[in-house]
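Those protein sequence lines, which keep their order, are chains Z and B. Read left to right, the first sequence gives residues 1 to 170 (the numbering used here). Read left to right, the second sequence gives residues 1001 to 1494 (the numbering used here).
No wet-lab data here; the hints were simulated from the structure. No residue lacks a Cβ here, since even glycine has one placed at the ideal position from N, Cα and C. Hints should not be assumed to be uniformly reliable.
[Said to hold, decoys possible] Going by beta-carbon spacing under 10 Å, a handful of chain B positions derived as facing chain Z: (1) ARG1056; (2) PHE1057; (3) GLN1071; (4) ARG1072; (5) CYS1074; (6) PRO1078; (7) LEU1120; (8) HIS1124; (9) ASN1142; (10) ILE1144; (11) GLU1148; (12) PRO1151; (13) LYS1159; (14) VAL1268; (15) LEU1372.
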Amino acid sequence: MAPTSDAAVSVFAWGNESRGDDAIGAILASRIIGLDNPSINVVEDHQLQLEHVMDIAENVPALFIDASVAIQTDFLLERLTPIRDDSISTHALSPVALLDVYEQTLGQPAPDAYLLHVRGSSFELGEDISASSSEAVDNAWQFLDNLFAGPCEDWGPALRAASSETSTQV
Amino acid sequence: MTSRLETAENRGQLNRIVVEPLSRVEGHGKVTLLADDDNIIHEVRLHIVEFRGFERFIQGRPYWDVPVVVQRLCGICPVSHHLAAGKAIDRIVGAERLTPTAKKLRELAHFGQILQSHALHFFHLSSPDLLFGFQSDVEHRNIIGVIEAHPELALQGVKLRKYGQEIIRAICGKRIHGTGAIPGGMNKPLGPNEKLHLLSEIDQITEWAIAAVELAKNYFISNQPLSDTFGSMPTNYMSLVRPDGALELYDGKLRAKKQNGDVIFDQVSDQVYHEHIREEVRNWSYMKFPYITELGPEKGWYRVGPLARVNNCDYIDSPLAEEERQIFKAHSEGTMQHASLAYHWARMIELLHCAEKIKELLNDPEIRGTDLLVRGERRNSSGIGVIEATRGTLFHHYEVDDNDLVKKANLIVSTTNNNQAMNESIRKVATDHLSGQEITEPLLNNIEVAIRAYDPCLSCATHAVGKMPLSVELRNTRGDLLHSLRKNSNGTYE
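Pulled out of the complex, with its shape left as it was, chain Z reads as follows (with noise of 0.2 Å):
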């Protein structure tokens, strides 16, 4: 059985605060934390792993939140659904295979999922995040913000429909 949440939003977040703009994630799950807002539940961690499938719940969206190279502008909202890739295996899955085990593993479809990708350039051990990481993360966060300024019931279709703006424009 599938669990089950009184939360509006999962938010995942990881990385790892000590290596350069791999903090994004840690950096805006400390600012959604800082909320304080019953409604959200707030993941974080150094890698998705395989038991976080326990932390998805039903029918309630999900929302992936990470630093990201392959991008050119701050910030990115991109819409999921489950794929078997490569990481299936190891000890650091991606969102969309992290969806795939879900569904494979609890014999239901995943909730709405959606993956905010970050822009970051440096990853390196010790270092601080990147001056331009940094704005990145405000932009990012002005976004999320104003996501949940909202009313709870709004940010499913709030995020949907970013998701579809945002990875045409931004």
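Go by the hints and put chain B onto chain Z.
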């Protein structure tokens, strides 16, 4: 004891084969083989290009910050680094005699960490090999194959892992970057609801652990002689044990045994580990090769981790795991068990031990105590913390200056301790299964299986069962390509 396959005599006249896994965050490994024109293997080396910025990362930080920041060295076992560093800093502040509650909370966190890590490795990363066979269809030999063929087993693995993480969160505040251990103790008690929640699930967890031991044991026993010989060789073993010889994971004395079970040293204080363990540098590897000083580099290398711990201890102080240890020992007729695939069996015995000890600790009235801290006086400039981490003995050694800043750090991680042993295991596999053969995916997987038995911390790469991109090339001494095989990340071959 070191294999003749470490360095070939006529290296320049041999063909070079490189097996290079994908580089990952925690490490990067590759295997090189030198073969003659008949594909007879003459040299095999496992190279681990481990990130070596750890010590520098720690230097210059205030000592009290160390247990927190070392968790960021590794995303796989942060709690082990947290506790090893915590023990080292306890020494620096003269507060190593913790209150009973603080010690038990640390032990509980440690059992939770080992339980979840062993569960991940066995159920999701190694079970595809064991359930389907090393040479089964690569498309099937992965976690999705396990979910499809054994859905209950796969779900148990997820839930065991989740339970261990919940213990860590209950004690350290968060699953990562927690601040449970502080110099001289712990920073928060275990709440009543947390205890009740964890207790409500422990009987189910224990049942699953019992079933996991059965699975590992049955695999080992029913797959002989392969399970006895695959990547196996007689070695020395090192681990912590309690003063009475019992298995010990958090705090004990060092014991090393020879391949025949004779004691090399016993009840050695971890504070003098450097008198018994040295590290050798070899010009072909970025990773050091530790050895037992008394035996020298040639004969003194050893294995650590579950196999070493179960081999070394006199008993396990939890009844179900002890019963299984006795079966394990009886299988090798009371002698040291040297089979590399027995790591899986020993690992599951430890999983069961962790489940039993978690229940015992949760039912201990002192676990809910609030006396969490002892005050000491800064008395030492040096602190050493040694712990049995998931993968084996982990050493943290710090030197602190008069300004309370770390001026020097030395870490010997579990995978480093197993460096020579992993090399010897793949040499055995190369001799038994590759030498004289054309390279095929199942043969490549044999190398992976041997490495994976140790659950090394380059596991991000080696754990990618059936999906690890590998390229193997056989070239002659002029560099001409004679034969190649590439396994793509989607499991297809070119």
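Taking the hints in turn, this is what the structure says about them:
1. ARG1056: With a closest approach of 7 Å, the ARG1056 of chain B hint holds.
2. PHE1057: Holds. Min distance 5 Å.
3. GLN1071: Holds: closest Cβ of chain Z sits about 9 Å from GLN1071 of chain B, inside 10 Å.
4. ARG1072: Interface hint status for ARG1072 of chain B: holds (4 Å vs cutoff 10 Å).
5. CYS1074: Since chain Z brings a Cβ to about 8 Å from CYS1074 of chain B, closer than 10 Å, the hint holds.
6. PRO1078: Cβ of PRO1078 of chain B sits 7 Å from chain Z, so the hint holds.
7. LEU1120: It holds, given that the least Cβ distance between LEU1120 of chain B and chain Z is near 7 Å, below 10 Å.
8. HIS1124: HIS1124 of chain B check passes; min Cβ-Cβ to chain Z is 6 Å, inside 10 Å.
9. ASN1142: Holds, about 5 Å.
10. ILE1144: 6 Å, holds
11. GLU1148: Holds, because the Cβ-Cβ distance from GLU1148 of chain B to chain Z comes to roughly 7 Å (cut-off 10 Å).
12. PRO1151: 7 Å, holds
13. LYS1159: 7 Å, holds
14. VAL1268: 32 Å, violated
15. LEU1372: Not OK, violated: LEU1372 of chain B not within 10 Å of chain Z, min 25 Å.
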